[in-house]
Amino acid sequence: MKVTLSNSDYLRNFDRFISSLDFSDPEHLYIYSHPKWINVHPAVLALIVVMAMRAGKQNVMFENLTATSGSYLDRMGLFEFTHQESPYTIQKKEESGRFIPVTVIKNSTEQSRFITDMIPLLHLPADKTDAIKYTVGELLRNVLEHSESTNGAIVAAQYYKKSNTIRIGICDSGIGIKKSLQQYWASRSKTDIEAIKWAMVPGISGTTRKEGGTEDNAGAGLFFIKSIAQIARSYFMIYSGSGIYKLLLHDKRIEKPRLHPDPDDDRHSERNDAPYLQGALVAIDLSLENKSEFTQLLSAIREVYGRAVRDRKRKKYKEPKFI
Amino acid sequence: MSMLIEVKDLAGDFAENKDVAKKLRLNKIMPTLADGEEIVLDFSGVSGTTQSFIHALLSEPIRQFRDVALEKIKYKNCSDVVREVIKTVYEYMQESLDSESYEE
Chain A
1 MKVTLSNSDY
11 LRNFDRFISS
21 LDFSDPEHLY
31 IYSHPKWINV
41 HPAVLALIVV
51 MAMRAGKQNV
61 MFENLTATSG
71 SYLDRMGLFE
81 FTHQESPYTI
91 QKKEESGRFI
101 PVTVIKNSTE
111 QSRFITDMIP
121 LLHLPADKTD
131 AIKYTVGELL
141 RNVLEHSEST
151 NGAIVAAQYY
161 KKSNTIRIGI
171 CDSGIGIKKS
181 LQQYWASRSK
191 TDIEAIKWAM
201 VPGISGTTRK
211 EGGTEDNAGA
221 GLFFIKSIAQ
231 IARSYFMIYS
241 GSGIYKLLLH
251 DKRIEKPRLH
261 PDPDDDRHSE
271 RNDAPYLQGA
281 LVAIDLSLEN
291 KSEFTQLLSA
301 IREVYGRAVR
311 DRKRKKYKEP
321 KFI
Chain B
1 MSMLIEVKDL
11 AGDFAENKDV
21 AKKLRLNKIM
31 PTLADGEEIV
41 LDFSGVSGTT
51 QSFIHALLSE
61 PIRQFRDVAL
71 EKIKYKNCSD
81 VVREVIKTVY
91 EYMQESLDSE
101 SYEE
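If you read the sequences in order, they're chains A and B. Under the UniProt record's numbering, the first residue of the first sequence carries the number 1, and numbering increases by one thereafter. Under the UniProt record's numbering, the first residue of the second sequence carries the number 1, and numbering increases by one thereafter.
Bound-form chain A, shown alone:
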């Protein structure tokens, strides 16, 4: 496997990073990097850790790691998943309060602890914490419940002062979204991108075809997260198998962006020819600039969700038989 880190591996131009990925030869991982500068989204680190776990610590090799800013990889805990020692000397104290290093979450107890500890680590404003806890909580839970990953969920996050965003990446090496939907939604998940988009439709769960879901799953999680990202004017990306769906930013002049139950109606990019990722990677940039209250946002989501369920019901109504 190969991965190349550049000086701008952010969601805006993630295609460059994706095209550098090579998942062949899973027993070895070679990490190449820009010689002078490294700037990576936390999702990149979460993905590298998943790849490193697959290859095994002994088989992870950094090539030409010369950039001074490569110390970021050390601060984020990447070297804990490699046999190679960090070439950097870092003063961890200086950087506290701005990031969450790569963390492995294997069960709901660890998830709850992580969510409790996360906010003080990031030093985020109190009025923004619910949206972030909500997003991370639901994404981690998705992995733990549906991915069947033996390595759990790998998560990392970083606060960026300049753009006032929190960037979060969560990755797993599980069965992938397509397979998790196929038991109940085979016709809707013939390809990875179809499955990713279907998983974002409100009320679609991989655990049932029943309206309202099962006692434990409603199939609302990804629709909520996509909607949170959309209203907060944020990037949101799902990568699983060969499919990638990326929610793009909407026009800043639109004060209240419209939420859509069908992800095809959102401004997005998609592809189904990415290097095959076993598992799933979810990345989100949550802008903290958004002034609307989280409750208003939830209320807007509730309206769209309810409308989607009603519309679906209406489609099943029998027509009168006029003869």
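Note that these hints are calculated values from the structure, not bench results. Where is the CB? At the ideal position from N, CA and C, for every residue including glycine. Misleading hints may appear alongside valid ones.
Chain A stretches covered by chain B per the calculated footprint, using a threshold of three residues with CB under 8 Å from any CB of chain B [claimed, not checked]:
(1) 130-144
(2) 293-302
(3) 307-314
Covered stretches of chain B (chain A as the covering partner; in silico rule of three or more C-beta atoms under 8 Å from a C-beta of chain A) [what the hints assert, rightly or not]:
(4) 45-58
(5) 85-96
Knowing the structure of chain A, use the given hints to seat chain B on it.
Frame of chain A, contents of chain B only:
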């Protein structure tokens, strides 16, 4: 008689752990409704929650006990976020009560 459940004691100040919700549902909510008694879920000290948590807590009682659940479960000291999430689950569960499966 009514049963009072302090959610924060079990789920913390951000209620997201579905295992906790499931335990509450199975061990407290369902048996209490089966006995025809009232339940008060007190969310004081809980700043927020997730849709998954509330779904795991309430969807089955609503599906199984329908109006009895809607009448007998009461909520106290909810933050605006908790209130909105409960309203969402109530809405889609009631919408889906009469239609069993999706058709394509």
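Hints, one by one, checked against the model:
For the segment 130-144 of chain A, the stated coverage by chain B is satisfied: 6 residues place a CB nearer than 8 Å to a CB of that chain, which reaches the threshold of 3. Residue count for the segment 293-302 of chain A with a Cβ under 8 Å from a Cβ of chain B: 7. That meets the three needed, and the coverage hint holds. Taking a C-beta to C-beta cut-off of 8 Å, the segment 307-314 of chain A contributes 4 residues in contact with chain B, enough for the three needed, and the coverage statement holds. Counting residues of the segment 45-58 of chain B whose CB falls under 8 Å from any CB of chain A gives 7; the rule of at least 3 is met.
Using a Cβ-Cβ cut-off of 8 Å, 9 residues of the segment 85-96 of chain B lie near chain A, which meets the minimum of three, so the contact claim holds.
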